[in-house]
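Given the structure of chain A, go ahead and fit chain B onto it with the hints provided.
If you want the building blocks of each chain, they are given just below.
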Amino acid sequence: MMASSYSAKEEDGLHSGSAGLGGAAIRTRKPDNTAFKQQRLPAWQPILTAGTVLPAFFIIGLIFIPIGIGLYVTSSNIKEFEIDYTGTDMSSPCFNCSQSFSWNSTTPCRCVLFFSLDQPFESNVFMYYGLSNFYQNHRRYVKSRDDSQLNGDERSLKEPSKECEPYRTNENKPIAPCGAIANSMFNDTLDLFYIDPNGTKTQIPFMKKGIAWWTDKHVKFRNPGGSNPNLTAAFIETAKPVNWRKPVYELDTDPENNGFINEDFIVWMRTAALPTFRKLYRIIQKKNNMTPTLPRGNYSLEVTYNYPVRSFEGRKRMILSAISWMGGKNPFLGIAYITVGSICFFLGVVLLFIHHKYGNRNNSSDIPN
Amino acid sequence: MTNQRLKHRSFVFQCTHSLNEFCSLANSLIINYKCGGDEKRVDSRTIYVGHRPCPDTEAFIPSKFCDNRIVSSKYTVWNFLPKNLFEQFRRIANFYFLIIFLVQVIVDTPTSPVTSGLPLFFVITVTAIKQGYEDWLRHKADKEVNKYPVTVLEDGRSVKKESEKIKVGDVVEVVEDETFPCDLILLQSSREDGTCFVTTASLDGESNHKTHYTVPDTEKDLQALTATIECEQPQPDLYKFVGRMHIYKQEQEPAVRSLGPENLLLKGATLKNTKKIYGVAVYTGMETKMALNYQGKSQKRSAVEKSINAFLLVYLCILISKAVVCTTLKYVWQSKEGQDEPWYNQKTQKEKDSNMYLKMFTDFLSFMVLFNFIIPVSMYVTVEMQKFLGSFFITWDKDFFDPEIQEGALVNTSDLNEELGQVEYVFTDKTGTLTQNNMEFIECCIDGFQYRYRDTQSELDGFTVTDGPVNKLQQKEKEELFLRALCLCHTVQVKEAGSEVLADQVDGIDGLLLQPEEERGFIASSPDEIALVKGAMKYGFTFLGLESKRETLLFCKGADSSIFPRVRPEEVDRIRMHVERNATEGYRTLCVAYKQLSAEEYAMADTGLREARLALQDREEKLMAMYNQVEMGMSLIGATAVEDRLQEEAAETMEALQGAGMKVWVLTGDKMETAKSTCYACRLFQRGTELLELTVRTLEDERLKSWSTANQDYGFIIDGATLSLVMNPPRDADASQYKSLFLQICQNCTAVLCCRMAPLQKAQIVKMVKNSKGSPITLSIGDGANDVSMILEAHVGIGIKGKEGRQAVRNSDYAVPKLKHLKKLLLAHGHLYYVRIAHLVQYFFYKNLCFILPQFLYQFFCGYSQQPLYDAAYLTMYNICFTSMPILAYSLLEQHTSIEILLDNAALYRYQSALEIANNAMLRWHPFLYWTVLGIFQGLMFFFGVRFLFSNPALQDNGQVFGNWSYGTIVFTVLVFTVTLKLALDTRHWTWINHFVIWGSLAFYVFFSFFWGGIIWPFLKQQRLYFVFANMLSSVSAWLVIIILILLSLLPEILLVVLRKPRGPHSRQVYFSLPFPLLSLNSSFLPYPSYFLIFSLIYILFCSSFILHHVLTRCDVTQSQPITRYLKLYSYVKQWLVSLLVAGLH
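Protein chains in written order, with the UniProt record's numbering: chain A, 1 to 369; chain B, 1 to 1146.
Note that these hints are calculated values from the structure, not bench results.
Among the clues, some could well be false.
Below, a sample of chain A positions facing chain B; criterion: calculated Cβ distance under 8 angstroms [to be verified]: (1) D32; (2) V53; (3) P55; (4) N137; (5) R139; (6) R140; (7) D147; (8) N151; (9) E165; (10) S184; (11) G210; (12) T271; (13) Q285; (14) N288; (15) M290; (16) G328.
Label pairs and their in silico Cβ distance ranges [to be verified]: (17) M385(B) to D32(A): 17 to 23 angstroms; (18) K158(A) to A1030(B): 30 to 36 angstroms; (19) G1014(B) to V73(A): 18 to 24 angstroms; (20) S227(A) to K1021(B): 44 to 50 angstroms; (21) S102(A) to K1021(B): 32 to 38 angstroms; (22) E337(B) to N77(A): 38 to 44 angstroms.
Just so it is clear, CB atoms sit at the ideal spot from N, CA and C, and this is done for glycine as well.
Just chain A, with the same shape it has in the complex (with noise of 0.2 angstroms):
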């Protein structure tokens, strides 16, 4: 399978250092007799042949064929429940506030719509907002950001970067945060409610904790005047994004969840890659092993809509998830692993036939040869 080669490396140094020693008085020009300097280091020559490959197509095919039936077999179970509530059909109950948005008016428009889950979610639920044909990646996007007044940094805050233009200042005060990113932060307000079959309403509760990637959280975001729980005075002297209804220190009571540490806010700041994209909104935790998270039946679900896509024709969507140790729903990994797995398999029989049919002539006139 493995031919390898090994030259005497060693016996050759030794006769260069015996020959040295006569001849030292005359420094001759000949070249060091090292295996390196001859291109003779010792090496492993490995051959790939059909006799070593074949046996690793077939591996390949039986460790991957059950790779991705499991994949497949788990994405398949992971339930998840998508409702578009962008309001572009006049039947949608949110027509209305798509229809009459105004980035000036005080009162928030609310809409309501009804669905129901054919089957219940067991364990924790993860409940995501969607966004479609919304271009987070794009590049005057991506970089109208500044990490440095997002870290706490008191000098960007009072004079926020470069980049953050056309965001970056508002009636000459800085704007904090800055930039197009945090501007454009998404702002809707989702509730959902259980109706139970005899018509009352539960809120179900929401987890906003726990949903931003940990080292975002406690260091790369960072309120300004370290640990001073007054954020209203640290914010003075700035202005609030110019889409924004409230200014960042008031996102949220909960200190640990307020000004740029909200996980709101910094989920949205991570930019996603592609046009359409989901992030993690809200996190509904299972409440004991007895009942499911999300039982069967009818939920209604609340939302006040605060944030227009319809002048570029873009999509809102509330996704409702269970997660696996694979993530989210995504077929395409077992596919994946099934094609891959089958092909390898389906090569290594043909290869096989190929070698069987062939390779015997093959080596009989070779031997002549």
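Quick look at chain B alone, frame taken from chain A:
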């Protein structure tokens, strides 16, 4: 022997009294006739010796000549920076990177100028330092020459001056062992006879002593000398000089003396065996013959470099088209309502204000910058490093070490390493290269009787002809004459430490005495002559007091072809048989003839020669005519045979070269029979080789051999005279036709022998082959100064550190001590270098294509906004750190086949188990296409694999999502691993260095990514990669996708490796049977139509790469019949040559 003839040419003018040049001149006559006369210079310059005005001339006008300063340096302190930068940016690659850098500085581009500026700055600085250092060395050398103190006679006093201050007309004093500071006319020598000795080793590599003569009749007192010199304008031919000296004496007619090259002392030559000379400067500084001959070695460029440039153009086109596509699509996309400037992503005021067309242009430039990594600066650096470091393996190779001269191989240029693996034509010199240039006198033949050296006694061999004259007395006389001729007719000098040089340039006419003393070193222009003199000594002949009976004998020695026409035909037949037999045995033969001259005849010849020498124009022709006139009707005495042994392993080497598919041409100045026998001895011509001869001899022969057309093995022999006829036909019609006819014959013969070649003709032949169709790679190997022209002309020039000086070595690209080393140099080193560098180049383009392709594809998903997929650190480090070391190690250490096997099977030089190597095959378009397709395939895999994974970016088990930088990092990780593992798959020779570098750079990538993402870097504006890599590794899905993408990308390669294995004839069948069953697979498979689409795309690429790679590798070489072409050329040449010969001889 080529050399000999060349030297004779130069000596002709010096040895005015020796007659041996008669023959050699006649010998070169034909060539001179055919080569076409050199153009004559009408202009001449007048020099006033010692700046003294002459009474005769109207007015003393000191004319302006250039000073004696030599400038070989290129730069001065002031112009170094601009000039060097200009030179460097003239290289297309450097200029391109400069443009990219400037664009990055000026335009708002996605990547910072540092990413391209830093590598460019590095490359430019290193090159500038190297060139600056080299120029500093040149400055130093110039200064040494220019400031060298010389003694100049001024108004009767000796004045010390710096060499650069010498003016034309100055009288300069030179003492023994000094070099001449400029071209001088010898006025006075400390030697009694008005001669001086000179070696021109540094000019033409000839280390023997040459005699130069003072101008006759110049006064002893140089102060009183009033003279003018009229001579031609400076010209580069070292062996030509025509001038006239007018010497004015009081109340006398001015005497006119002719000046020839024998009076001219060249700058650069060294005075030997003469205490002191005085000379007047005629050419100074850059007008000296040495300076005119100095030419910077023209830069040889390898075929690989040309391929790189071609590929670069392709990639430039890809780059530009990518940028154009992206720019166009960007504006199409933007034209849609709300896309260009949605509310969440407003433009700055500046962007809004800028002109739309300007914006388009800057967008285009931005895309160029974004994709510019597809043409990597690092490739140039890596290729240069590979060449530079790789050439050390040649110098280090102990097999090239020759214990005799205590030296190994020498590498003068490392640019041509890979060219050594591509050679198709080998042009070799014979003497000193194929043979040892170590002459031994074997036998002689006097008057038809053969004498062989045995125990210092000359005795009759059993070979004597019975009907020959048995008159002992007469025989004895002949013997005596013969040996006298041998002793007299030569240029041998006896080297004796301290004492005067004795017995040189013996005057044959007066029968002067020669007393060669035993056990002394001999120096001569050609080793033949030493062998002959030594041979004569062995016979015990020392000429003692051979008193002349007032008869004048003219001795003449030369090649049979030049002697035979000058002697009585009836004498020829007896000797000819011996000569031819000796020649076929591989001996070098010379014939000796003599003629008795009466006093009148002598006087006539003497005056005739004197007159001819005074002529300013056509001097050579006049001299030759005179010599021809004198040399008629001579009688032949005998012939000599001298053996020149073959070099060690010459035959094996030649066989190996031919086995490797190279065509070996022997270009020699030697005569046909000798050269032919050497060829047989070297196995260049085999027993079954059909020889096609096109020489003066065969043309004289009326009958034409009948050819057996069944034979496939042809050898071709042509001589210099015929060749010049082919190259420069007298009629300008059909000139190119015969040339191409000649070329076609030669290309179909396994071996070609060109004999009787002038150095210039050697170069001409090399040039002709070099420029022929398909521009094959040529290699010249030689050891002497006469090979320099062809060494410089060929793609690769190899010098042999032989006996004929270092000139060839200095001008060569590589120098080896022996011919036998050529085998390993080509078959092992050259072959490996070629495979290495070809792989290096292809791999570099491939890895940058699949690096940039995902970035290009990403533009379709980010609104064509030039958003980079990878972080700037990854963009910069990819070529510098993550993927550069494995390929460098590979390109230095790879031995896909071990050196022993390569040396044993010469055929591997061209083909290697279905892998073609000859004709630059690994860098032609189909392998390039294959690599490109592979790169595209992998790039698509990387991007779309991750793209489908990211259709749900919630990839962590805590439900958190990944952003765009995670996307890029996953793609980049797959990329780095795939590209490195691809190289690992290609590596056939895993030394510890390969292991270290391959696994080391992967480990380094992981380490670096952790490190780069582990810290909030204070100098970075954005912490894009903060913990991105660590988070990626915490996701199982990311791991799984990385693994499967790497595997899937390498799958076609693994398959190819498996299927490439068989060496037998069936390998091709296996190949073609494979792709088609695969195609039928995907029809009944895959649930989702989108996935079906993706995988069928993969399959199509997969299969097309197979098909393309193997359909295109077929290249048929058809062997055509050279016979018909030969006959055509034969009849043409014959017709012209015969008529020309007739015209030349009568």
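Per the CB criterion, is G328(A) less than 8 angstroms away from chain B? For G328(A), the interface hint holds, since the closest Cβ of chain B sits about 3 angstroms away, which is under 8 angstroms.
Report holds or violated for the interface hint on D32(A), using the least CB-CB distance to chain B and a cut-off of 8 angstroms. Holds, because the Cβ-Cβ distance from D32(A) to chain B comes to roughly 7 angstroms (cut-off 8 angstroms).
Hey, does the N151(A) contact hint survive, CB to chain B under 8 angstroms? For N151(A), the interface hint holds, since the closest Cβ of chain B sits about 7 angstroms away, which is under 8 angstroms.
Holds or violated: is there a CB of chain B closer than 8 angstroms to the CB of S184(A)? 3 angstroms, holds
Mind checking the hinted window 44 to 50 angstroms against the Cβ distance between S227(A) and K1021(B)? 26 angstroms, violated
Is the hint on M290(A) kept, meaning its closest Cβ partner in chain B is under 8 angstroms away? 23 angstroms, violated
With chain B as the partner, please determine if T271(A) meets the hint condition of a C-beta pair closer than 8 angstroms. 5 angstroms, holds
Let me know if the C-beta of R139(A) comes in closer than 8 angstroms to any C-beta of chain B, holds or violated. Nearest chain B Cβ about 4 angstroms off; hint holds.
Hint R140(A) vs chain B: min CB-CB distance below 8 angstroms? 6 angstroms, holds
In this structure, is the beta-carbon distance linking K158(A) and A1030(B) contained in 30 to 36 angstroms? 32 angstroms, holds
Quick check on the hint: P55(A) CB to chain B CB, less than 8 angstroms? Violated. Min distance 12 angstroms.
Holds or violated: V53(A) as interface residue toward chain B, Cβ cutoff 8 angstroms? Where the cut-off is 8 angstroms and the nearest Cβ of chain B is about 5 angstroms from V53(A), the hint holds.
The earlier numbered hints that this structure contradicts are 3, 13, 14, 15, 19, 20.
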